[in-house]
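Listed here are the chains, written in short residue letters.
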Amino acid sequence: DAKTTQPNSMESNEEEPVHLPCNHSTISGTDYIHWYRQLPSQGPEYVIHGLTSNVNNRMASLAIAEDRKSSTLILHRATLRDAAVYYCILRGQAGTALIFGKGTTLSVSS
Amino acid sequence: GAVVSQHPSRVICKSGTSVKIECRSLDFQATTMFWYRQFPKQSLMLMATSNEGSKATYEQGVEKDKFLINHASLTLSTLTVTSAHPEDSSFYICSARLAGGRGYNEQFFGPGTRLTVL
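Chains as they are written, first to last, in this note's numbering: chain A, 181 to 290; chain B, 27 to 144.
You may find that some hints are simply not true.
[As the list claims (entries may be wrong)] Examples of chain B residues toward chain A, derived with CB under 7 angstroms:
#  : residue
1  : Phe60
2  : Ser69
3  : Leu70
4  : Leu72
5  : Thr75
6  : Ile119
7  : Gln133
8  : Phe135
9  : Gly136
10 : Pro137
11 : Gly138
Honestly, the hints are just simulated from the structure, not real lab data.
All C-beta atoms, glycine included, are put in the ideal place defined by N, C-alpha and C.
Throw the hints in and build the complete structure from the sequences for me.
Quick look at the structure:
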């Protein structure tokens, strides 16, 4: 699976939107883009995934660049409970294990 | 959504003892389960992949004789840390794949087990 690059950390204020970037310049045509997050002392939690088109769900939105070499996870209104490590993961073959990089640690201030 | 549980959530043991961690898929059948380890301030590291009824596949550098994995049913996988030592102290997380799932969000994670070896 191709590698992703994320900023080590980001900060946000409560109730403001947050844009978490992810670069994946070596993505292949069959790689899906997944986002998971991990709250302190918990297992990872699925956030969203996509292939080519932008995706929305109740947790977040995923904006995928036209060339698919980057994507952005958008939290529309950050809350204190959104403070977590966010992982951007590429996976080409369904059923194989998710391989985690370092992720972005998001801090949210009130 | 699908729920994965782990037991125990926290365990403290003496050096040299063995510890068993259970991973259960509560409301779905999992043909494949994955085991990860996470040290403080680090990311998750995949240890092994287990398929129901067959031997686990271990990642490079993970000792299969030390980390015994059994996946005896479609809802239960166990990880046994044999002869544990302080360097095995870590956060162990399991993940289960929905049997027959074709979507790419079909991997569900347990809450983790904190192992401390004294």
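Hint by hint, here is what the structure shows:
| no. | hint | result |
| --- | --- | --- |
| 1 | Phe60 | holds (5 angstroms) |
| 2 | Ser69 | holds (5 angstroms) |
| 3 | Leu70 | holds (4 angstroms) |
| 4 | Leu72 | holds (5 angstroms) |
| 5 | Thr75 | holds (6 angstroms) |
| 6 | Ile119 | holds (5 angstroms) |
| 7 | Gln133 | holds (6 angstroms) |
| 8 | Phe135 | holds (4 angstroms) |
| 9 | Gly136 | holds (5 angstroms) |
| 10 | Pro137 | holds (5 angstroms) |
| 11 | Gly138 | holds (5 angstroms) |
Checked against the numbered hints above, the structure violates none of them.
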